[in-house]
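Asker: Respectively, the protein sequence lines represent chains X and F. The first sequence begins at 583 in this note's numbering and counts up by one. The second sequence begins at 3 in this note's numbering and counts up by one.
Keep in mind that the hints were calculated from the coordinates and are not lab data. C-beta: ideal position from N, C-alpha, C; glycine also. Misleading hints may appear alongside valid ones.
Stated by the list, open to error - Looking from chain X toward chain F, a few residues come up when the C-beta cut is under 10 Å (computed):
hint, residue
1, Ile-656
2, Leu-830
3, Ile-832
4, Ala-834
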Amino acid sequence: MTSKTIYDWIDERLGLTELAAFARHKTVPVHSQSFWYYWGGISLFLFLVQCFTGVLLLVYFRPGAEAYESVRQITFVMHFGWLIRSAHAWSANLMIFSILVHMFSVYFMKAYRKPREFGWLSGMALLGIASVFGFSGYLMPMDELSYFATKVGLEIPSAIPWIGPAIANMLRGGPEVGEFTVQRFFALHVVVLPALFLPLLAFHLWLVQRHGNAAPPSIEALTPAQRKNEPFFPHFMRKDLAMWLISLNILALLASVFPWPLGKPFDPLAPAPVGIHPEWYFMSPFEMLKLLGVVLRGEAGEIAGILLFTVGIVLWILIPFYDSRKESGQRARAAHYFGLLAVFALLATTLIGYWTIR
Amino acid sequence: MTDQTPLQLVVEEPGERNTRRAFLAAAGAAGIAYTAALAYPIYRYLASPQEMAASAAAVTEVTLKDAQKLPAGSVLMFKFGVSPAMLIHHADDRWVALTAVCTHLGCTVQYEPQADRIHCACHGGVYNPYTGANVSGPPPKPLKLFKVAVNDTGVEISRA
């Protein structure tokens, strides 16, 4: 049997030639802002790293009462366990970062307009799930920081009027953060969230295949003859893979040079350590709530803060529907300024947050 | 960033082909080294319990405290290194220690005082409880014997 006959045998059954033809016709726009096209792929790559390192951690992690002890074992007893754990934690942070870059680049390139509304919506849902991934994963080691982060974080749902406390108790598995909390967060982190995330991710990627990369309005304004494109396969894919390799190298460097620390085991009687603060991607909402609490004291401030957030996030999610003008080159100023305001508010509150850590 | 130049036929000089071959070889070697650098920590991580077991299996002697009080005609299961073993105090006051892992497919065997035999429930293997010899059934080899020394404080078991 020659390789040609083997290829034909498989091709007849799986349609490889059609796939190759599809790949040949897929193109990617080339312009001054093409660099931002890589960030979705980088996010995808870091997600794959999360799956891989996550499964490796699963080999030794024990949720429940032994959670801290098993993470201590992974970090200090198993060969290279510290590295696997460090890679998982670092890659989680890098993934959130690259998803944010991806989101803002889509926003400012107006890639959410018709026919890509579902791409935007599914992307926002993926970001939402990713942040719950981050929040639940943070509790897994059950050290001091995990304990207080979860305690404080669950105060947010419990501030919802009427049903809030019940929701918080349900998530926490009782009135206090403890072994039941880590056990159910574990179920959430490794079963429920992946089961939600993976089909959504497949949908998101399928949409990208269906509609292709969006060109920003300034490029859309050009005549087809003036626009430049390059084939996806192999030209763009080669660069995409190079980006993955760069990401892997940066991750390996960070994970090995700055190993993720493991704190003291949590102790419900110990006071919160000085200088404790949320992860960087939760710093901004945390600081906004704090600032609002200064203006509006007490429960009113809390409720106003959550209301303001909800409105802001809903406005952000619904952008494709009120900035839907398709006219080429037309800059919808309002959406643009709203985006700038969001970036400014996020950066400013994050900086203030870090500035005011005591 | 345009890669849309049409395919061109380039006539290669023989020397050029050599540098390309050298380049591809170097790139391949770098790729293998990179993959190995990633795979090595993962392998060691997953092999950790195996390495721990290997150091535990390196024991040559086990002391069973107070085992001298074991009544005649009964058995005490213990771990020699990582694998199960048995100490039998026979009715005629002889002490025998053997591995308790069936040589057929690795089930843990049991001592049956009434039948005066060691029996494996998985596939019906039978061993002699004094010598460890495989008497009937599928086991291909005898159970290994340990040296036994009984004293006032316990029983010392060591590799024969």
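Asker: With reference to the structure, classify each hint as holding or not holding.
Answerer: Each hint tested on the structure:
Evaluation of the Ile-656/X hint against chain F yields a held restraint, the C-beta minimum of about 9 Å falling below 10 Å. Nearest Cβ of chain F to the Cβ of Leu-830/X: about 8 Å, under the 10 Å cut. The hint holds. Interface hint at Ile-832/X: violated, since its Cβ lies 14 Å from the closest Cβ of chain F, which is beyond the 10 Å cut-off. Restraint check, Ala-834/X versus chain F: the minimum CB separation of about 8 Å is within 10 Å; hint holds.
Hint compliance for this structure: hint 3 alone is broken.
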